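> Going down the list, the protein sequences come from chains A and B.
According to numbering that gives the first Met the number 0, the first sequence holds residues 0 to 145 in order.
According to numbering that gives the first Met the number 0, the second sequence holds residues 0 to 145 in order.
No lab work stands behind these hints, which were simulated from the structure alone.
All figures in this text were calculated on a predicted structure; none of them were measured in a lab.
Incorrect hints may appear among the rest.
[Unchecked claim] Quick list of simulated restraints, FRET-style, between CB atoms:
hint, chain 1, residue 1, chain 2, residue 2, range
1, B, P90, A, E36, 29 to 35 Å
2, A, G71, B, L92, 28 to 34 Å
3, A, E16, B, H34, 47 to 53 Å
4, B, R49, A, L11, 48 to 54 Å
5, B, N114, A, E68, 29 to 35 Å
6, A, E68, B, E129, 19 to 25 Å
7, B, N114, A, K54, 35 to 41 Å
8, A, E16, B, A12, 57 to 63 Å
9, A, N144, B, P90, 29 to 35 Å
10, B, G81, A, E36, 26 to 32 Å
[As the list claims (entries may be wrong)] Far from chain B by the CB rule (all over 12 Å, computed), these chain A residues:
hint, residue
11, E8
12, A12
13, T22
14, T23
15, V24
16, D30
17, E36
18, M47
19, R52
20, L70
21, R75
22, D105
23, G136
Quick reminder that beta carbons are idealized off the backbone N, C-alpha and C, glycines included.
Number of protein chains: 2
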Amino acid sequence: MPSKTINPEDWLAALDESGFRVTTVQEILIDIFAHSEYPLSAEQAWDMARQSRPKTGRATVYRTVEKLENLGLIRRVHGYQGCSHFVPTLPELMMLFICLTCGRTDYLDSQPLENLIQHSEDASGHHITESRLQLFGACVDCQQNA
Amino acid sequence: MPSKTINPEDWLAALDESGFRVTTVQEILIDIFAHSEYPLSAEQAWDMARQSRPKTGRATVYRTVEKLENLGLIRRVHGYQGCSHFVPTLPELMMLFICLTCGRTDYLDSQPLENLIQHSEDASGHHITESRLQLFGACVDCQQNA
DNA sequence: TTCTTATTGATACCATGTATCAATTAGATA
DNA sequence: TATCTAATTGATACATGGTATCAATAAGAA
Numbered sequence: 000m001p002s003k004t005i006n007p008e009d010w011l012a013a014l015d016e017s018g019f020r021v022t023t024v025q026e027i028l029i030d031i032f033a034h035s036e037y038p039l040s041a042e043q044a045w046d047m048a049r050q051s052r053p054k055t056g057r058a059t060v061y062r063t064v065e066k067l068e069n070l071g072l073i074r075r076v077h078g079y080q081g082c083s084h085f086v087p088t089l090p091e092l093m094m095l096f097i098c099l100t101c102g103r104t105d106y107l108d109s110q111p112l113e114n115l116i117q118h119s120e121d122a123s124g125h126h127i128t129e130s131r132l133q134l135f136g137a138c139v140d141c142q143q144n145a
Numbered sequence: 000m001p002s003k004t005i006n007p008e009d010w011l012a013a014l015d016e017s018g019f020r021v022t023t024v025q026e027i028l029i030d031i032f033a034h035s036e037y038p039l040s041a042e043q044a045w046d047m048a049r050q051s052r053p054k055t056g057r058a059t060v061y062r063t064v065e066k067l068e069n070l071g072l073i074r075r076v077h078g079y080q081g082c083s084h085f086v087p088t089l090p091e092l093m094m095l096f097i098c099l100t101c102g103r104t105d106y107l108d109s110q111p112l113e114n115l116i117q118h119s120e121d122a123s124g125h126h127i128t129e130s131r132l133q134l135f136g137a138c139v140d141c142q143q144n145a
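When you get a sec, could you build the whole thing from the sequences and use the hints?
Printed below as a string of structure tokens:
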């Protein structure tokens with residue numbers, strides 16, 4: 000339930016603009032990540048990729064995931080079934096909520112995080128250049144169905 | 000530079016109260032984690048433990064680290080040299096800052112995080128039960144020495 | 001001191017991710 | 001369209017980080 004929609008075309012364009020080739024495997028993987036409601040691991044993405052293209056290699060998937068991460072198109076989720084799952088980078092500064100019941104993700108308004116960082120910089124004197132926030136719990140739907 | 004100090008005695012007491020035995024290896028490891036200024040991995044802790052007790056086994060260290068984590072005495076740091084480093088749990092709700100230059104940790108006032116969670120719950124309708132925040136950058140000292 | 005059992009160390013093992021390298025293919029050029 | 005070149009791929013072997021097993025040890029209650 001991302002608040003903005005993701006356009007796989009843009010990801011392909013980003014690949015191209017960075018001088019990478021647009022290949023079948025990469026198209027498939029981009030489609031998989033861009034449309035998943037849940038954080039995906041490379042292994043899961045591999046399984047899904049082989050459904051539409053059985054001979055897809057494992058190493059290729061790991062390489063592509065790394066490439067997408069380096070391009071900033073997907074981002075690693077920490078603490079949800081380990082630290083090996085990825086979600087699309089929706090806003091640059093992400094306040095990601097993950098439901099521990101259904102596993103679905105929601106991108107919350109990140110203004111509060113921006114404020115928090117600003118405040119903490121002022122209060123501590125440290126210069127904050129990077130942040131990682133993950134929120135877990137029960138989403139609206141799962142609360143009702145409980 | 001934790002804002003509160005850590006008392007290894009308390010950790011040993013926590014072990015004891017949970018029905019675990021207080022052993023030499025565990026005392027050594029507790030001392031190592033409680034006094035480190037930097038996040039430590041199990042592998043690093045193993046190296047340090049063997050300096051004072053050479054025959055210490057690797058599996059034992061991994062098991063002890065897991066035990067300390069389960070007891071809530073140490074907590075995993077995400078995104079600092081992977082996700083395998085641990086720091087003492089100082090406040091229950093942690094706003095941990097890690098300097099990317101010197102690696103030292105600082106526990107910031109976590110009231111802003113409490114507010115953020117409260118605000119996000121109200122705004123999204125999700126019930127937030129768990130959070131993970133990590134801040135990175137340049138600490139006060141490293142900014143001056145730059 | 002004895003006894004029971006949690007804990008330990010050595011080892012083998014497993015899972016996740018990475019390096020290698022010949023074969024393939026995107027896409028630029030003719 | 002055919003040709004060419006290097007990025008990409010798939011298969012495999014490998015490395016790393018962590019776990020299961022099991023006999024030997026030691027904590028701490030009796």
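> All hints, please: hold or fail.
Status of each hint after checking the structure:
1. Take P90 of chain B and E36 of chain A: their Cβ atoms lie about 34 Å apart, and the range 29 to 35 Å holds.
2. A hinted range of 28 to 34 Å holds for the C-beta pair G71 of chain A and L92 of chain B, which are about 29 Å apart.
3. Checked against the hint of 47 to 53 Å, the pair E16 of chain A and H34 of chain B passes, with Cβ atoms roughly 49 Å apart.
4. For the pair R49 of chain B and L11 of chain A, the beta carbons lie near 51 Å from each other, so the given range of 48 to 54 Å is met.
5. Checking the proposed 29 to 35 Å range against N114 of chain B and E68 of chain A shows it holds: the Cβ atoms sit about 31 Å from each other.
6. Between E68 of chain A and E129 of chain B the C-beta distance comes to about 24 Å, which sits within the given range of 19 to 25 Å.
7. Here the CB-CB span from N114 of chain B to K54 of chain A is close to 52 Å, at odds with the stated 35 to 41 Å.
8. Range check, E16 of chain A to A12 of chain B: Cβ separation about 59 Å, and the 57 to 63 Å hint holds.
9. Distance hint for N144 of chain A and P90 of chain B: a CB-CB separation of about 34 Å, consistent with the stated range 29 to 35 Å.
10. Distance hint check: the CB atoms of G81 of chain B and E36 of chain A are about 27 Å apart, consistent with the given range 26 to 32 Å.
11. At roughly 29 Å from the closest C-beta of chain B, the C-beta of E8 of chain A stays outside 12 Å, upholding its exclusion from the interface.
12. Listed as a non-interface residue, A12 of chain A keeps its Cβ farther than 12 Å from every Cβ of chain B; the least gap is roughly 28 Å.
13. The beta carbon of T22 of chain A sits about 29 Å from the closest Cβ of chain B, which is more than 12 Å, so the claim that it is off the interface holds.
14. For T23 of chain A, the condition that its CB be more than 12 Å from all CB atoms of chain B holds, with the nearest at approximately 32 Å.
15. For V24 of chain A, the non-interface assignment is confirmed: its Cβ lies about 27 Å from the closest Cβ of chain B, beyond the 12 Å cut-off.
16. Its beta-carbon lying about 27 Å from the closest one in chain B, D30 of chain A satisfies the requirement of being farther than 12 Å from that chain.
17. At roughly 15 Å from the closest C-beta of chain B, the C-beta of E36 of chain A stays outside 12 Å, upholding its exclusion from the interface.
18. The Cβ of M47 of chain A lies farther than 12 Å from every Cβ of chain B, with a closest approach of about 24 Å, so its non-interface assignment holds.
19. The Cβ of R52 of chain A lies farther than 12 Å from every Cβ of chain B, with a closest approach of about 31 Å, so its non-interface assignment holds.
20. No beta-carbon of chain B is positioned within 12 Å of the beta-carbon of L70 of chain A; the least distance is around 18 Å.
21. A Cβ of chain B approaches the Cβ of R75 of chain A within 12 Å, the least distance being about 8 Å, so the stated non-interface status is violated.
22. Distance check for D105 of chain A against chain B: the nearest CB is about 7 Å away, which does not clear 12 Å, and the non-interface claim fails.
23. Residue placement check: G136 of chain A does not keep its beta carbon more than 12 Å from all beta carbons of chain B (closest about 4 Å).
Of the numbered hints stated above, those contradicted by the structure are hints 7, 21, 22 and 23, listed in ascending order.
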